[in-house]
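Colleague: Mind docking chain G on chain Y? Use the hints.
Heads up: the protein sequence lines correspond to chains Y and G, in order.
Each residue of the first sequence is one higher than the last, beginning at 1 in my numbering.
Each residue of the second sequence is one higher than the last, beginning at 1 in my numbering.
Think of the hints as simulated: they come from the structure by calculation, not from any bench.
Remember, predicted model here, so these are calculated numbers, not experimental data.
Treat each hint with caution, since some may be false.
Identical chains share a label here; the pair holds if one copy fits it or two copies do between them.
Stated by the list, open to error - Pairs of lysine-lysine, DSS-like flavour, derived with a Cα cap of 25 angstroms:
#, residue 1, residue 2
1, Lys236, Lys3
2, Lys125, Lys109
3, Lys25, Lys128
4, Lys22, Lys107
2 protein chains.
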Amino acid sequence: MKKLKILKIGGNAIDNPILLNKFLKDFTDIKDPKILIHGGGKLATDLANKLNIPQTLIEGRRITDSKTLDVAVMVYSGLINKNIVAKLQAFDCNAMGFCGADGNLVKSKKRIHETIDFGQVGDIKEVKEIQFKKIIEQGFVPVLSAITHDGNGNLLNTNADTMASKIAIAMSSIYEVELIYCFEKNGVLLDVNDDNSIINSIHKKDYEQMKEEKIIFEGMIPKLDNAFDALENGVKNVKICNAQNLNDYGTKLVESRFIATKHNLRQKNGLHQKNDSPQ
Amino acid sequence: MKKLKILKIGGNAIDNPILLNKFLKDFTDIKDPKILIHGGGKLATDLANKLNIPQTLIEGRRITDSKTLDVAVMVYSGLINKNIVAKLQAFDCNAMGFCGADGNLVKSKKRIHETIDFGQVGDIKEVKEIQFKKIIEQGFVPVLSAITHDGNGNLLNTNADTMASKIAIAMSSIYEVELIYCFEKNGVLLDVNDDNSIINSIHKKDYEQMKEEKIIFEGMIPKLDNAFDALENGVKNVKICNAQNLNDYGTKLVESRFIATKHNLRQKNGLHQKNDSPQ
Chain Y
1 MKKLKILKIG GNAIDNPILL NKFLKDFTDI KDPKILIHGG GKLATDLANK LNIPQTLIEG
61 RRITDSKTLD VAVMVYSGLI NKNIVAKLQA FDCNAMGFCG ADGNLVKSKK RIHETIDFGQ
121 VGDIKEVKEI QFKKIIEQGF VPVLSAITHD GNGNLLNTNA DTMASKIAIA MSSIYEVELI
181 YCFEKNGVLL DVNDDNSIIN SIHKKDYEQM KEEKIIFEGM IPKLDNAFDA LENGVKNVKI
241 CNAQNLNDYG TKLVESRFIA TKHNLRQKNG LHQKNDSPQ
Chain G
1 MKKLKILKIG GNAIDNPILL NKFLKDFTDI KDPKILIHGG GKLATDLANK LNIPQTLIEG
61 RRITDSKTLD VAVMVYSGLI NKNIVAKLQA FDCNAMGFCG ADGNLVKSKK RIHETIDFGQ
121 VGDIKEVKEI QFKKIIEQGF VPVLSAITHD GNGNLLNTNA DTMASKIAIA MSSIYEVELI
181 YCFEKNGVLL DVNDDNSIIN SIHKKDYEQM KEEKIIFEGM IPKLDNAFDA LENGVKNVKI
241 CNAQNLNDYG TKLVESRFIA TKHNLRQKNG LHQKNDSPQ
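Chain Y on its own, in the form it takes in the complex:
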């Protein structure tokens, strides 16, 4: 099986042009076939504010009314996507920018919730792995914004972490996939204020326990849920790391079971750092 690397970049890593440039250079240097999925950074919120479109977040998810959807499409699929593609092209990486509607790559369904109206938000229903394969085999490098479509002509706002996970799962039927979530931290941290407190590896059951014990920073939970979903559904390797250190340490999600507590996680982190570090 051929290898495929799927990287997701988001947050501060996109807002800072110098850091973004370094990341895109490192991404270009990856020799295996690859896909990049990007989030939105602060630009969409900034634009919505300038246009006096009120922004509402419920349970960490943006409520996407039709005006907010337009902003998301403009910023994610337009401004950010095309600037990333142009920068990658300058590095001789033959990037091709997409949203989920392009080539029918990622189809979703408008989220229906009993009490909350999320608006134009889509939950992914189908990833066309064969279409991705066609593009990759023609030598192009897909760069995706997290906008999808419902097949009835409507665009939908989608969570970029989930999109990365779902694409990685679908591509696992064709490739040996490594999924790498890149952000502004060095990995999953025991102490969110200590960049060196990286947890080198986490097993799902330990993760459930860590959630209960509130060892895991709340903002990391959706990302980790997506990461574990990928690992449990055919993706060979999943890693969470700093966008500035793709080849350096990070947090690897592993199959080997290890019951974590605050105490032994700290110990593990200290004692086994070299052995447990991701490849």
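Modeller: Chain G alone, transformed into the frame defined by chain Y:
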């Protein structure tokens, strides 16, 4: 040689969702391989106004400072492009949205002018016909916004009519190309206020004379210049017609010479309408 149809849509045809929908349905029904190139309509100007970005036009061309470029990229390559793609997908047309940076499809060079600083405006230098062919042969239908890149990481605003012409010329080395400019009028009109005064066919030399005699409405000149450029550089057929009547009358640009004057053009228009109508 396989046939390829290249359609360009712009102006009012994009601003009206009902008319756009009808056009996209007709576009879907075209059986030959095809490419769609779209302009921007009024949305970019509206967004620039809302963001208090002053807009300047010199010689009918938008002066594109960096903020205006961002607006163009957001509206053309984001909002319009992705909504067109989603609508085509709903009609089962496997559309794939691009700007010129994607797959390095269309490369341009920042326009340098002795007296006018056009800003981030690009003149097309290279169209990668082989990359287009790869995409088309995989069953995808390219849908292009008129944003290009310079290969050094910079996006550039480009005239959509010119983009259509340059792509058509490049694709003529591989396909038998028909280029169709679709807009809100029924074709090139003798009298801009009379929708029925369609000129059925125009030869380049007649066109030069008609420009001198100011028979041609000034706003049509850049479009016709691009159209003739295509015809003189390998494109088999070039037609200018109403976006709502793709298969109906329009103005065909022909090789057969015919010296036009106001008088005999009117006569020709009346006498030979059926024989001269495009196929």
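Colleague: Now look at each hint and say whether the structure bears it out.
Modeller: Going down the list of hints, with the structure as the test:
1. Taking CA atoms no more than 25 angstroms apart as the test, Lys236 paired with Lys3 passes inside one copy only; the shortest distance there is 10 angstroms, against 44 angstroms between copies.
2. Proximity of Lys125 to Lys109 under the C-alpha cut-off of 25 angstroms is restricted to the intra-copy arrangement: shortest distance 6 angstroms within a copy versus 41 angstroms between copies.
3. Taking CA atoms no more than 25 angstroms apart as the test, Lys25 paired with Lys128 passes between copies only; the shortest distance there is 24 angstroms, against 28 angstroms inside one copy.
4. Taking the shortest alpha-carbon separations for Lys22 and Lys107, only the inter-copy value of 23 angstroms comes in at or below 25 angstroms, while the best intra-copy value is 31 angstroms.
Violated hints: none; the structure is consistent with every hint.
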